[in-house]
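Single-letter residue listing:
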Amino acid sequence: MKTMPVYDPRGVVEAAPLVISPRVKQLDGLRVGLLDNTKWNANKLLRGLRDRLAAMHAFGTTNYYRKESFAAAAAPALLDRIAAENDIVVTAIGD
Amino acid sequence: MGPARPPLTRARILNMGKTDILHAPSPTPATQVPEGTDLIEWYYERGCSDGLPVVPPTPAKIAAAVAALGGESGLLVARVPPRWGSLTHEVLAINMVMAGCQPEYAPVVEAAMLALCEAPFNLNGVQATTHMASPLLVVNGPVRRAIGMNAGCNVFGSGNRANATIGRALRLILLNVGGGWPGVLDKSTLGHPGKYTYCIAENEEVSPFAPYHVEHGYRPEDSTVFLLAAEPPHSVTNHFANDAEGVLDSVCSAMSTICNNNAVSAGHCAVVLGPEHAATIAKSGWKRHDIRHYLWAHSGNRWDDLYGRGRYGKVYNRNLPVWYKREPDARTPIVPSPDNIHLFVAGGEAGRFSAFIPGWGHMSSPVLRGVGGARPAGAPECADGTCAV
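Read top to bottom, the protein sequences are chains A and B.
For the first sequence, my numbering assigns the number 1 to the initial residue and increments by one for each residue that follows.
For the second sequence, my numbering assigns the number 1 to the initial residue and increments by one for each residue that follows.
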């Protein structure tokens, strides 16, 4: 059978798949980070969430962070700091 | 979270002319289908189209485009976010052919993709945003005529193969290689007609001012690409003014709307003056510098008008510069500086029309890049009373 070639316009992706961290079993005593993506109401949402969770769980500490632009990834140095200073992190997306 | 960032440095990838050229793995061999297969439908079925039929690539067409890129089919041009697909010369050529490009458009398409992948442009954000924003490409320099671009009547379309297919090649790459599929990674609420194609050339031949790229330090004989994440053009009609201020007051009015991307998120914008308007402004003796400063100084919104006059409580809006006053009667600039207004002359010689083109906001900065490795001259070059830095 005669054939003709077809082409893939997508290009290969060379990236190692990310593995998500294991989930924690309980929240008491943990250091909780809140990462504000600086979208319009992110701070209200995250602080409200923190207050509600704190009423139910005895966190060790809560730490608050902001990234400088909602449209760009957080700076690697900020991510390293968050990872070093917290056991779990809460963030939010969307407007 | 998106895929992991590639380990290669962007500076290495983007630096044309350096010797440490990076090679991606060899492209997978072409798949074979039975002769007589309807290839237009085949590519549609595999999700490779922007909604319009693509030109099925052939070995000869791909080879011609790769040759126009300088050969080296496996050479890595960039990784395109948010999918981070590898844009090699061959993949670029495949998308160019699908878009309907002639091989000679290759240097412009490549320069534009390099510009889009520069960090200040933030292509990741532009691809994913809910906003209405698509990269606008403006070409300057001799390459426009060499490849038959349109800078005159109907400059924004339609009708010209180079304008239409260069813009379309960028969009197919952003879709196929970058993964900017509507609803998947491209979350734009309304989309944008410029997501089919959005490419013009400046009308340097009829413009009474220096070309855009000369204002920014390039020589007239250099060719450049300018990329701005942009809304569609907002038409400015003015048939009554016979001086610079009269024409520009209409442009200021078009700029001074409360809901364009810049009013809400600062950043950069473009203004395209039609040739009749440009001639009227030049007759008043005004230059590029004067135009951009006038537009900046006499446009703006009243702070309180931006957020419903207090109906929803006090709004601060952290996306606007801290030095904008948040007082009800304060004038809020459309963009933070006259240098954030990118000025072009384009369009046909009949008709008193111009266009205001908002950008996306502070989240993306436009990029100006030389075609074929052209770079700005070291010392400032002065033209039209403006000394480019």
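The set of hints was computed from the structure by calculation and includes no laboratory data.
One thing to keep in mind: the hints can contain errors.
[Claimed, not checked] In silico lysine to aspartate or glutamate, DMTMM-like type, Cα no more than 25 angstroms apart, as pairs:
#1 A:LYS2 / B:ASP38
#2 B:LYS187 / A:GLU14
#3 A:LYS44 / B:GLU45
#4 A:LYS44 / B:ASP305
#5 A:LYS2 / B:GLU327
#6 A:LYS67 / A:ASP51
#7 A:LYS39 / B:GLU41
#8 B:LYS61 / A:ASP8
#9 B:LYS325 / A:ASP51
#10 B:LYS314 / B:ASP329
#11 B:LYS314 / A:ASP8
#12 A:LYS2 / B:GLU41
#13 B:LYS314 / A:GLU68
#14 B:LYS325 / A:ASP36
#15 B:LYS325 / B:GLU349
#16 A:LYS25 / A:ASP87
#17 A:LYS39 / B:GLU118
#18 A:LYS2 / B:GLU35
#19 A:LYS39 / B:GLU35
#20 A:LYS39 / B:ASP305
#21 B:LYS314 / A:ASP87
#22 A:LYS39 / A:GLU85
#23 A:LYS44 / B:GLU327
#24 A:LYS67 / B:GLU35
#25 B:LYS187 / A:GLU68
#26 B:LYS187 / A:ASP51
[To be verified] From chain B, some residues computed to sit far from chain A (all C-beta separations above 10 angstroms):
#27 VAL33
#28 PRO34
#29 GLU35
#30 THR37
#31 GLY70
#32 SER86
#33 VAL184
#34 HIS192
#35 TYR196
#36 VAL206
#37 ALA241
#38 ILE258
#39 TRP323
#40 ARG331
Remember, predicted model here, so these are calculated numbers, not experimental data.
From the three backbone atoms N, C-alpha and C, an ideal C-beta is built for every residue, glycine too.
Here is how each hint holds up against the structure:
Among the hinted pairs, LYS2 of chain A with ASP38 of chain B is consistent with the structure: their alpha-carbon atoms are about 14 angstroms apart, no more than 25 angstroms. Distance check on the hinted pair: LYS187 of chain B and GLU14 of chain A sit about 24 angstroms apart at the alpha-carbon level, within 25 angstroms; holds. The hinted pair formed by LYS44 of chain A and GLU45 of chain B fails the criterion: a straight-line CA distance of about 45 angstroms is larger than 25 angstroms. Pair hint LYS44 of chain A plus ASP305 of chain B holds up; C-alpha atoms about 24 angstroms apart against a cutoff of 25 angstroms.
Of the supplied pair hints, the one linking LYS2 of chain A and GLU327 of chain B is violated, its CA atoms being roughly 74 angstroms apart against a limit of 25 angstroms. A threshold of 25 angstroms between alpha carbons decides the hint, and for LYS67 of chain A with ASP51 of chain A the separation of about 21 angstroms falls inside it, so the pair holds. Taken as a hint, the LYS39 of chain A and GLU41 of chain B pair is broken in the structure, with Cα atoms around 42 angstroms apart against an allowance of 25 angstroms. Note on LYS61 of chain B and ASP8 of chain A: the hinted pairing holds, with a Cα-Cα distance of about 14 angstroms set against a maximum of 25 angstroms.
About 32 angstroms separates the Cα atoms of LYS325 of chain B and ASP51 of chain A, which puts this hinted pair outside 25 angstroms; it is violated. With a CA separation close to 14 angstroms, the supplied pair LYS314 of chain B and ASP329 of chain B stays within the 25 angstroms bound. Proximity of LYS314 of chain B to ASP8 of chain A is assessed by CA-CA distance (about 52 angstroms); at most 25 angstroms being required, the pair is judged violated. For the given pair, LYS2 of chain A sits about 19 angstroms from GLU41 of chain B by alpha-carbon distance, which is consistent with the 25 angstroms threshold.
Pair hint LYS314 of chain B plus GLU68 of chain A holds up; C-alpha atoms about 22 angstroms apart against a cutoff of 25 angstroms. The suggested pairing of LYS325 of chain B with ASP36 of chain A holds, with an alpha-carbon distance near 24 angstroms, which does not exceed 25 angstroms. Our distance criterion of 25 angstroms between C-alpha atoms is broken by LYS325 of chain B and GLU349 of chain B, whose separation comes to about 41 angstroms. Note on LYS25 of chain A and ASP87 of chain A: the hinted pairing holds, with a Cα-Cα distance of about 12 angstroms set against a maximum of 25 angstroms.
Note on LYS39 of chain A and GLU118 of chain B: the hinted pairing holds, with a Cα-Cα distance of about 24 angstroms set against a maximum of 25 angstroms. Annotation: proposed proximity of LYS2 of chain A to GLU35 of chain B holds, straight-line Cα distance about 6 angstroms (limit 25 angstroms). Between LYS39 of chain A and GLU35 of chain B, the direct Cα distance comes to roughly 53 angstroms. Violation of the 25 angstroms bound is thereby established for this hinted pair. Taken as a hint, the LYS39 of chain A and ASP305 of chain B pair is honoured in the structure, with Cα atoms around 21 angstroms apart against an allowance of 25 angstroms.
At most 25 angstroms may separate the alpha-carbon atoms for a hinted pair to count; LYS314 of chain B and ASP87 of chain A exceed this at roughly 35 angstroms. Restraint check for LYS39 of chain A and GLU85 of chain A: the C-alpha separation of about 23 angstroms stays at or below 25 angstroms, so the hint holds. Pair hint LYS44 of chain A plus GLU327 of chain B holds up; C-alpha atoms about 22 angstroms apart against a cutoff of 25 angstroms. Restraint check: the Cα-Cα separation between LYS67 of chain A and GLU35 of chain B comes to about 54 angstroms, which exceeds 25 angstroms; the hinted pair is violated.
The hinted pair formed by LYS187 of chain B and GLU68 of chain A meets the criterion: a straight-line CA distance of about 21 angstroms does not exceed 25 angstroms. The straight-line distance between the Cα atoms of LYS187 of chain B and ASP51 of chain A is roughly 31 angstroms, outside the 25 angstroms bound, and the hint therefore fails. Against chain A, the non-interface label of VAL33 of chain B is violated: not every CB pair exceeds 10 angstroms, the least being about 5 angstroms. Non-interface call for PRO34 of chain B relative to chain A: violated, since the shortest CB-CB distance, roughly 6 angstroms, does not exceed 10 angstroms.
For GLU35 of chain B, the condition that its CB be more than 10 angstroms from all CB atoms of chain A is violated, with the nearest at approximately 4 angstroms. Not every CB of chain A is more than 10 angstroms from the CB of THR37 of chain B (nearest about 7 angstroms), against its label as outside the interface. Look at GLY70 of chain B: its CB is around 18 angstroms from the nearest CB on chain A, clear of 10 angstroms, so calling it non-interface holds up. At roughly 4 angstroms, the least C-beta separation between SER86 of chain B and chain A is not larger than 10 angstroms, which violates its mark as non-interface.
No Cβ of chain A comes within 10 angstroms of the Cβ of VAL184 of chain B; the nearest lies about 13 angstroms off, and the non-interface call holds. Here HIS192 of chain B stays apart from chain A, with its beta-carbon at least about 17 angstroms from theirs, past the 10 angstroms limit. No beta-carbon of chain A comes within 10 angstroms of the beta-carbon of TYR196 of chain B; the shortest separation is about 16 angstroms. The beta carbon of VAL206 of chain B sits about 37 angstroms from the closest Cβ of chain A, which is more than 10 angstroms, so the claim that it is off the interface holds.
With a closest Cβ-Cβ approach of about 38 angstroms to chain A, ALA241 of chain B is found to remain outside the 10 angstroms limit, as its non-interface label requires. Here ILE258 of chain B stays apart from chain A, with its beta-carbon at least about 16 angstroms from theirs, past the 10 angstroms limit. Taking the minimum C-beta to C-beta distance to chain A, about 17 angstroms, the non-interface status of TRP323 of chain B holds against the 10 angstroms cut. Its beta-carbon lying about 23 angstroms from the closest one in chain A, ARG331 of chain B satisfies the requirement of being farther than 10 angstroms from that chain.
The structure shown violates the earlier hints numbered 3, 5, 7, 9, 11, 15, 19, 21, 24, 26, 27, 28, 29, 30 and 32.
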